[in-house]
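Visitor: Letter by letter, the sequence shown follows residues 119 to 384 of the numbering used here.
Derived from the structure by calculation, the hints contain no laboratory data. Every residue gets a Cβ at the ideal spot worked out from N, C-alpha and C, and that includes glycine.
Each pair of labels, with its calculated beta carbon distance range:
#1 Phe127 with His381: 26 to 36 Å
#2 Val194 with Gly348: 54 to 64 Å
#3 His381 with Ser267: 51 to 61 Å
#4 Trp262 with Gly325: 15 to 25 Å
#5 Ser267 with Gly308: 35 to 45 Å
#6 Ala230 with Asp132: 26 to 36 Å
#7 Ser326 with Thr379: 27 to 37 Å
#8 Gly308 with Asn180: 22 to 32 Å
#9 Ala200 with Ser326: 28 to 38 Å
In silico lysine-lysine, DSBU-like type, Cα no more than 35 Å apart, as pairs:
#10 Lys345 with Lys227
#11 Lys220 with Lys151
#12 Lys151 with Lys320
#13 Lys227 with Lys151
#14 Lys336 with Lys320
#15 Lys227 with Lys342
#16 Lys345 with Lys151
#17 Lys151 with Lys342
#18 Lys138 with Lys151
#19 Lys151 with Lys336
#20 Lys138 with Lys320
#21 Lys342 with Lys220
#22 Lys345 with Lys220
#23 Lys220 with Lys336
#24 Lys336 with Lys227
#25 Lys336 with Lys138
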Amino acid sequence: DSLSDVFSFDELRDFIDGVKRTVSDVIWSVEPKIDGLSVSLTYEDGRLVMGATRGDGFVGENVTENIRTIRSIPEVIEDTSALVVRGEVYMPRDVFYTLNEKREAAGEKLMANPRNAAAGSLRQLDAAVTAERQLDIFVFNHQWGSLYSDGRDCTRHSETVARIGELGFPTIRLLAVTGDTEEILSAIDGAVVKIDSLAQRKILGEGSSTPQWAVAYKYPPEQKETKLLGITFQIGRTGVLTPAAELSPVRLAGTTVSRATLHNLD
119 DSLSDVFSFD
129 ELRDFIDGVK
139 RTVSDVIWSV
149 EPKIDGLSVS
159 LTYEDGRLVM
169 GATRGDGFVG
179 ENVTENIRTI
189 RSIPEVIEDT
199 SALVVRGEVY
209 MPRDVFYTLN
219 EKREAAGEKL
229 MANPRNAAAG
239 SLRQLDAAVT
249 AERQLDIFVF
259 NHQWGSLYSD
269 GRDCTRHSET
279 VARIGELGFP
289 TIRLLAVTGD
299 TEEILSAIDG
309 AVVKIDSLAQ
319 RKILGEGSST
329 PQWAVAYKYP
339 PEQKETKLLG
349 ITFQIGRTGV
359 LTPAAELSPV
369 RLAGTTVSRA
379 TLHNLD
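Go ahead and model the full structure; you've got the sequences and the hints to work with.
Guide: Structure follows, in structure tokens:
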């Protein structure tokens, strides 16, 4: 599932205090928020057999051939039990900037942001194109199957991340594993805050669309001032009028913005 978002330290404190009313002695793990495309990797007899996107949470896309072009994903792991791990495929920022410079020089449409670039690259019909995009991945948990050949299960998220790393997957470096709220706040820089205990996660459970045991701390988007040159209206196929702002071009979040829809107040 995707995560609920909090946008201030006050909201984060409220979330932590709310969880503590249900479970006690909570230890949290804090990890960077990766802006990419969520995927699952399936291994059988220690070999990668399938890579799929999360899709709508029930049905995803089979992108196995494209997943194989990501060099940091191991084709073979030492654990021979059936195993599915989850991760976030992303495009490194330097790769994104270089890609947009080449597209700009060729007169092609620029990629909007690294997240969209990663998603589009992973869904390419030609795996050779995906390979050129130099995607990478961070694996952050496992969905089912044992991480140990003796069938032993991990009991904490931090233990899971450590074991996934031992198997050869690139993992997210945890910023903190702590029960102290102030330590969590000092560690955050666009991060995901999760209960470390897997048993306590089950007690809190899943909401209608997001888990109750984790939140993503979000920062305000990058903002710049520019000049409004005019407003035009587009007519959609259903007859809806959508206003669009024509702007003096400005570099923002790695791309040049010269147009913006005005369909909502924000």
